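Residue numbers (our numbering): 39 to 483.
These are calculated hints, taken from the structure and not from any lab test.
There could be a bad hint or two in this list.
[Stated by the list, open to error] For lysine-lysine, the following DSS-like pairs were computed, each having C-alpha atoms within a straight-line distance of at most 25 Å: (1) 370 <-> 40; (2) 202 <-> 237; (3) 296 <-> 255; (4) 237 <-> 255; (5) 88 <-> 98; (6) 202 <-> 255; (7) 202 <-> 88; (8) 237 <-> 98; (9) 186 <-> 296; (10) 98 <-> 186.
[Said to hold, decoys possible] The following label-pair restraints were derived from C-beta to C-beta distances: (11) 301 <-> 52: 44 to 50 Å; (12) 327 <-> 66: 43 to 49 Å; (13) 287 <-> 258: 42 to 48 Å; (14) 400 <-> 428: 37 to 43 Å; (15) 273 <-> 181: 28 to 34 Å; (16) 302 <-> 247: 48 to 54 Å; (17) 117 <-> 96: 28 to 34 Å.
Note that the structure is predicted; figures quoted are calculated from it, not measured.
We treat Cβ as the ideally placed atom computed from N, Cα and C, and that holds for glycine.
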Amino acid sequence: MKFSHKIVSASAALLLVTVSTLGITQLITVRSELQEHIDSSIHELTTGIKNTITYDLNAKRDIASSVTESLEIDPENLQFVTEVVTTPTLRNSFQAVGIGYEADGSLVSNDGWVPDSSYDARTRPWYQEAKQANDTIITDPYVDSSTKNVIISLGSALNDDSGKFIGSVVFDVTLTTLADLVNQTDLFGAGYLFVVTDKGMTIAHPDSSFNGQPVNKFVPGIQLHSGVQQLSINGQDYQVNLVQVPEENWYVGAIIDKSIAFSAISSMRNQSILFTVIGLIVSVIALTVLIRFLMRPLNDLNAAIQDVANGNGDLTHRLDTNTDEEFAELAKGFNTFTGNLQQQIIQSKQISTKILALTQQTTEGAKHSAIAMNTQLQELEQLATAMNEMASTSSEVANNAQGAASAAQAADSATQEGSEVVLDTTSAITNLSNSIEEAVIEVQA
C-alpha cells in the first residue's frame with residue numbers, strides 16, 4: 039500500500055470514528071430527550087384522565103349523597119320517591135336510579151324497568167355494600183346485562199328520621215362517556231389509553247369488544263402497578279404507563295408502540311448513516327486529490343531516484359528546492375547526492391582511462407610471454423621425447439640386470455672355485471703393476 043493511500047485510509051478511519059461518535063452521541067441525546075418528552079406527555083395525559091375520572095366520580099358521589107338525603111325526608115312515600123328519582127338532572131347524570139327496600143326487596147327505579155317476581159334488591163352487591171358501610175359506596179365495574187356496557191353502581195344507605203335502615207339507593211353510571219374520552223386522546227399516533235381495575239378487568243378501551251375483558255387479552259404480561267413497563271408483544275417493543283386513580287382500585291394506562299414513537303430516531307439514524315457514507319466518500323476523494331497535489335515534490339524525487347537507479351538518469355539535473363520545508367530538505371539532499379555521485383563518476387572515468395592504458399601494456403607483455411611459453415613448450419616436448427627414450431633404455435638395462443643377476447648366481451660358485459686361482463694371480467698382477475709403473479717412469483723420463 040502506498041504511503042498516500044495509508045494517509046487517506048487513516049484520515050478516512052479517523053473521520054469515520056469522529057462522525058460515528060458524534061452521530062451516536064446525538065442519537066443517544068435525542069432519544070433520551072424524546073423519551074423524556076413521551077414520558078412527560080403520557081404522564082400529563084394519564085394524570086388528566088385520572089383527574090377527570092376522580093372529579094367525575096366525586097361529583098357523582100356528591101349527587102348520590104344529596105339525593106339520598108332528599109329521599110330520607112319521606113323514604114317510604116312512593117310518590118315522593120318517584121318524583122325525586124325522575125328529575126331531569128338525575129336522568130341526565132345517571133343511566134338509572136333506583137331504591138331497594140329492606141322490607142320486601144322491591145325496587146323502584148326511574149328507567150321504567152320492572153323486575154320480575156324473583157328479583158330481590160337485597161341480594162345485589164350495591165345494596166349489601168351500602169348497607170354494610172352505611173354510607174355511599176362504588177361497586178366494581180361490571181357488564182350490564184341489558185345494555186352490554188360496562189357500568190358501575192353507586193350505592194347509598196337510606197335511613198329514616200330515627201336512623202333506621204330502610205334500604206339502599208342505587209345510581210347506575212355508564213362508563214361509555216369515559217371510553218369516549220379515552221378514545222379521543224391521541225398518543226402521537228403510536229398508541230392509545232385504557233382504564234382497568236386492579237383485578238385486571240377492562241373498563242374502557244378504544245376497541246369496545248375488550249370492555250369487560252381481562253387486560254391480558256390485549257396487553258399480555260402486564261403488571262398492575264403504577265409506573266413504566268417495557269413489554270414485548272408479538273415481537274414488537276411496547277411501553278406501558280400506569281397511573282392509579284385515588285380512592286379507587288382503577289388504573290389509567292397508556293400503551294405505545296416504540297417502533298412508531300421512535301420512528302424519528304430510526305429515520306435520523308438512517309440519515310446519519312447515509313450522510314456519513316457520503317461525507318466519507320467525498321472526503322476520501324478530496325484527500326486523494328489534495329495529497330496527490332501535495333506529494334508532487336516527493337513524486338519528482340522518486341522519479342529522479344528511479345532514473346538514477348536505472349542508469350539512465352541525468353546527473354546534472356537538480357530538483358527544485360523552492361517548495362515545502364520537508365520536501366525542500368529532501369531535494370537538497372538528493373541534489374548533494376547526485377553532485378557527489380557525478381564527481382565520483384568523473385574520477386572513476388579518469389581512473390578507468392589509466393587502467394585501460396596499463397591493460398594494453400599488460401596485453402603486450404602477455405603476448406611476449408605467450409611466445410616464450412610456446413618455445414618452452416617445444417623444449418618440454420623434446421625433453422619428454424628424450425625421457426621416453428631413456429625410459430626404453432632403462433627397461434633394457436633392467437632386463438640385462440636381471441640376466442646379469444642370474445649369471446652372477448652361476449658365477450658365484452665359479453668365483454668360489456676360482457678364488458684360490460685369484461689369490462695366485464694377485465701376486466702375479468702386483469708384480470706386473472710394478473713393472474708397468476717403472477716403464478711409465480722411464481717413458482716420462
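A quick look at each hint next to the structure:
no., hint, in the structure
1, 370 <-> 40, "24 Å, holds"
2, 202 <-> 237, "35 Å, violated"
3, 296 <-> 255, "20 Å, holds"
4, 237 <-> 255, "13 Å, holds"
5, 88 <-> 98, "15 Å, holds"
6, 202 <-> 255, "46 Å, violated"
7, 202 <-> 88, "37 Å, violated"
8, 237 <-> 98, "23 Å, holds"
9, 186 <-> 296, "34 Å, violated"
10, 98 <-> 186, "21 Å, holds"
11, 301 <-> 52: 44 to 50 Å, "32 Å, violated"
12, 327 <-> 66: 43 to 49 Å, "35 Å, violated"
13, 287 <-> 258: 42 to 48 Å, "21 Å, violated"
14, 400 <-> 428: 37 to 43 Å, "40 Å, holds"
15, 273 <-> 181: 28 to 34 Å, "32 Å, holds"
16, 302 <-> 247: 48 to 54 Å, "32 Å, violated"
17, 117 <-> 96: 28 to 34 Å, "31 Å, holds"
The structure fails hints 2, 6, 7, 9, 11, 12, 13, 16 (numbered hints given earlier, in ascending order).
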